[in-house]
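Chain residues, written in single-letter form:
Number of protein chains: 2
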Amino acid sequence: MAGKLYGIGVGPGDTGLMTLRAKEVLEGCGVIAYPVKRPGEGSVALDIIKPVVDISEKSIEEFLFSMDPDDSVRERCRAEALDKMCMLLDNGEDIAMVTLGDVGVYSTYMYIDRDIRARGYETEVIPGIPSFCHGAALAGIPLMIGNEGLAIVPVAKENSRLLEDALDNFDNIVVMKAFKSIGMILDMMESKGIPADRATVVSNVGMEGEYVGPMVRDRDYGYFTTVIIKKKG
Amino acid sequence: MAGKLYGIGVGPGDTGLMTLRAKEVLEGCGVIAYPVKRPGEGSVALDIIKPVVDISEKSIEEFLFSMDPDDSVRERCRAEALDKMCMLLDNGEDIAMVTLGDVGVYSTYMYIDRDIRARGYETEVIPGIPSFCHGAALAGIPLMIGNEGLAIVPVAKENSRLLEDALDNFDNIVVMKAFKSIGMILDMMESKGIPADRATVVSNVGMEGEYVGPMVRDRDYGYFTTVIIKKKG
Chain A
1 MAGKLYGIGV
11 GPGDTGLMTL
21 RAKEVLEGCG
31 VIAYPVKRPG
41 EGSVALDIIK
51 PVVDISEKSI
61 EEFLFSMDPD
71 DSVRERCRAE
81 ALDKMCMLLD
91 NGEDIAMVTL
101 GDVGVYSTYM
111 YIDRDIRARG
121 YETEVIPGIP
131 SFCHGAALAG
141 IPLMIGNEGL
151 AIVPVAKENS
161 RLLEDALDNF
171 DNIVVMKAFK
181 SIGMILDMME
191 SKGIPADRAT
201 VVSNVGMEGE
211 YVGPMVRDRD
221 YGYFTTVIIK
231 KKG
Chain B
1 MAGKLYGIGV
11 GPGDTGLMTL
21 RAKEVLEGCG
31 VIAYPVKRPG
41 EGSVALDIIK
51 PVVDISEKSI
61 EEFLFSMDPD
71 DSVRERCRAE
81 ALDKMCMLLD
91 NGEDIAMVTL
101 GDVGVYSTYM
111 YIDRDIRARG
121 YETEVIPGIP
131 SFCHGAALAG
141 IPLMIGNEGL
151 AIVPVAKENS
161 RLLEDALDNF
171 DNIVVMKAFK
181 SIGMILDMME
191 SKGIPADRAT
201 VVSNVGMEGE
211 YVGPMVRDRD
221 YGYFTTVIIK
231 KKG
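As they're listed, the protein sequences go chains A and B. Its first residue numbered 1, the first sequence is counted upward by one per residue in my numbering. Its first residue numbered 1, the second sequence is counted upward by one per residue in my numbering.
None of these hints come from the bench; they were simulated from the model. Bear in mind the structure is a predicted one, so any value in this text is a computation, not a measurement. Just to be clear, a hint being listed does not mean it is correct.
The list treats identical chains as interchangeable, and a pair is accepted whether it falls inside one copy or across any two copies.
Unchecked claim - Within a straight-line C-alpha distance of at most 30 Å, the following computed BS3-like cross-link-like pairs (lysine-lysine) qualify:
#: 1; residue 1: K4; residue 2: K37
#: 2; residue 1: K4; residue 2: K177
#: 3; residue 1: K23; residue 2: K84
#: 4; residue 1: K232; residue 2: K58
#: 5; residue 1: K231; residue 2: K37
#: 6; residue 1: K4; residue 2: K232
#: 7; residue 1: K231; residue 2: K23
#: 8; residue 1: K232; residue 2: K37
#: 9; residue 1: K37; residue 2: K180
#: 10; residue 1: K58; residue 2: K37
Build the full structure now, drawing on both the sequences and the hints.
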């Protein structure tokens, strides 16, 4: 019988924030898989599971999903990864592919899931704690209450209009990938009359340069930086 | 030494979606607390933990947070709950308050946390899987990818403008508390030229009336109904 593919969100970085189900499935699978953009780059998601899942007897497989600008390179790479996965499944192996945070939040796993299902195999997605939930918990603030909405916007050049719109219309805004854009976000808040103290920065949690606190313009922030803005305070 | 208060997100309903940290803290606390709006109404969050946490030796405490329209009733109720909590903490008890889903998503726990910290006690928030992450996982769709944003909007009379705005500006929209509003959401999508098949309904997961599938206008949906709309398909 063919094996099954599991896409597993292992949470935002703290091993304790993995789910019981994630641990159970990881223990039951013979193959632990992780996606990489470059060969040999390693996997933070894999590091997260190691303290609680004994992987010594398991086959640990890297799957390359290139981000090469050349479409044909990316497609060949993807086809090779899928073929290798199907070969393992045909051998009866259950595969657990680990992914940081939640599987539905900026993860490429869902495409792999769709393609593997399209080839006739069974799959299952196991959600994980998204980084913004962890960030709000660490900052001691709710993401939203009552009938409030929440906008989650990644900083990107083409998104400045989306961030403007979110600041205009939503009570609560999570700005992701914000590490180089604190000044821009502060400027935008100021132009809309939103006081700077309505924002909390959650940066590099559990890593070097960890910071949870108010927005400070001239400060270096780590790569994993999220800003939570609550317009009502 | 005074005890510590933990606010614990136990996830969206499936015991397996609790985190390892939630289980560990629940096992270590002498008091398991849960908030109610009416005396004796029970707690879904408490039911979720029972299969994996032995609560037979623990003190299980209901805390009443009234939703009475009379401000003075609500405030008295809240003060009594906080006083009782502080008494337990002063006795050296660690208290784990359980809450459905994530603590930051429509939970009153964060106010309790703030008030208890203001009284000088130590607290810790442990995030949980939000229902919309579980919903997306069950439906086999990503919440967002690349540089896309996500808007989370609860259906409420005063929010129809917010939902309109989200449908206009965001690629991905999660509509919460949608059980009586499927027709309204369909109408709004239609008026904006968003095909109905871009929406997936996730309803009453793990309960009677479970449904994960396309939006159907003339169908009864359970109380726990979320709609995930992906404009790009």
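Status of the hints after comparison with the structure:
no.: 1; hint: K4 - K37; in the structure: within (24 Å within a copy, 43 Å between copies)
no.: 2; hint: K4 - K177; in the structure: neither (33 Å within a copy, 33 Å between copies)
no.: 3; hint: K23 - K84; in the structure: within (24 Å within a copy, 37 Å between copies)
no.: 4; hint: K232 - K58; in the structure: neither (50 Å within a copy, 38 Å between copies)
no.: 5; hint: K231 - K37; in the structure: between (37 Å within a copy, 27 Å between copies)
no.: 6; hint: K4 - K232; in the structure: between (46 Å within a copy, 28 Å between copies)
no.: 7; hint: K231 - K23; in the structure: neither (38 Å within a copy, 34 Å between copies)
no.: 8; hint: K232 - K37; in the structure: between (40 Å within a copy, 25 Å between copies)
no.: 9; hint: K37 - K180; in the structure: within (22 Å within a copy, 44 Å between copies)
no.: 10; hint: K58 - K37; in the structure: within (22 Å within a copy, 48 Å between copies)
Comparing the model with each earlier hint shows violations of hints 2, 4 and 7; every other hint is respected.
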